[in-house]
Each structure stands twice: as structure tokens, then as C-alpha cells.
Amino acid sequence: MKGKQFVWVWLERLEPKKARVPNPNVIAVRVADDLDKQVLLASDRSVFFTEPHYDGYPAVLVRLSKIDRARLKEVLTNAWRCRGGS
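Counting the sequence shown from 1 gives a position; our numbering is that position plus 30.
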């Protein structure tokens with residue numbers, strides 16, 4: 031899986047035309063496709079969200095303070111698998 035990210039810290043745009051800054055309270059997680067993305071977004075908007083920067087890209091944003099450990103493990107495992115993990 032060398033070079034294949036499946037999770038990363040969200041870079042949030044705080045001010046227009048300024049560089050994005052890391053938000054350690056939110057992660058971006060890779061999903062298999064747009065259908066998986068829409069399913070997660072529909073499942074719980076307090077946990078999963080997106081922004082225009084991710085339109086057309088197979089990833090969702092996850093609020094770490096709102097997700098339980100079991101669900102986070104499931105989401106991360108699925109992300110790892112869709113990037114080539116066993």
C-alpha cells in the first residue's frame with residue numbers, strides 16, 4: 031500500500047484565499063466510490079460530512095468527537111481495504 035493514503039487529517043479552510051490548516055478533530059477517510067460516500071453521509075450527519083473541496087472525490091470527513099470506537103474501526107478498516115489492504 032505504499033503511497034496509498036486511506037486516512038488523513040482534514041485541512042480546513044478558515045479564511046478565503048489563505049492556506050488550509052490541519053484540524054486534528056476531523057479526519058478525511060477514503061471510501062470505495064460515490065455510493066459508499068452517500069451511504070455514510072446519509073447514515074449520520076453529525077459524524078460524517080463533506081465540503082465542496084471533496085466533491086467528486088471518494089472520501090468523507092469524520093468528526094472524531096462524534097464517532098464511537100467500533101464505528102471508527104469499521105470505517106478505517108473499510109478505507110484501508112478499498113486502498114488495497116487485505
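What the hints contain is simulated information worked out from the structure, not anything from laboratory work. Please read all numbers here as calculations on a predicted model, not as lab measurements. Hints should not be assumed to be uniformly reliable.
Okay, the calculated beta carbon distance ranges per label pair [said to hold, decoys possible]: (1) L44 / R75: 30 to 36 Å; (2) A100 / P46: 35 to 41 Å; (3) R111 / E81: 22 to 28 Å; (4) T107 / P46: 33 to 39 Å; (5) R99 / K48: 32 to 38 Å; (6) Y87 / P52: 23 to 29 Å.
Result set (DSS-like, lysine-lysine): computed pairs, CA atoms no more than 30 Å apart in a straight line [unchecked claim]: (7) K47 / K34; (8) K96 / K34; (9) K48 / K34; (10) K103 / K47; (11) K48 / K103.
The beta-carbon is built from N, C-alpha and C at its ideal position, and this holds for glycine as well.
Taking the hints in turn, this is what the structure says about them:
1. A C-beta distance of roughly 22 Å is found between L44 and R75, which places it outside the suggested range of 30 to 36 Å.
2. Distance hint check: the CB atoms of A100 and P46 are about 38 Å apart, consistent with the given range 35 to 41 Å.
3. Roughly 25 Å separates the CB atoms of R111 and E81, a value that falls within the hinted 22 to 28 Å.
4. Distance hint for T107 and P46: a CB-CB separation of about 36 Å, consistent with the stated range 33 to 39 Å.
5. One distance hint, 32 to 38 Å for the beta-carbon pair R99 and K48, holds here, with the actual separation near 34 Å.
6. Checking the proposed 23 to 29 Å range against Y87 and P52 shows it is violated: the Cβ atoms sit about 18 Å from each other.
7. Note on K47 and K34: the hinted pairing holds, with a Cα-Cα distance of about 28 Å set against a maximum of 30 Å.
8. For the suggested pair K96 and K34, the alpha carbons sit about 26 Å apart, so the restraint of at most 30 Å is met.
9. The suggested pairing of K48 with K34 holds, with an alpha-carbon distance near 27 Å, which does not exceed 30 Å.
10. Distance check on the hinted pair: K103 and K47 sit about 35 Å apart at the alpha-carbon level, beyond 30 Å; violated.
11. Proposed proximity of K48 and K103 is contradicted: the alpha carbons are some 33 Å apart, above 30 Å.
When the structure is compared with the earlier hints, violations turn up for hints 1, 6, 10, 11 and for no others.
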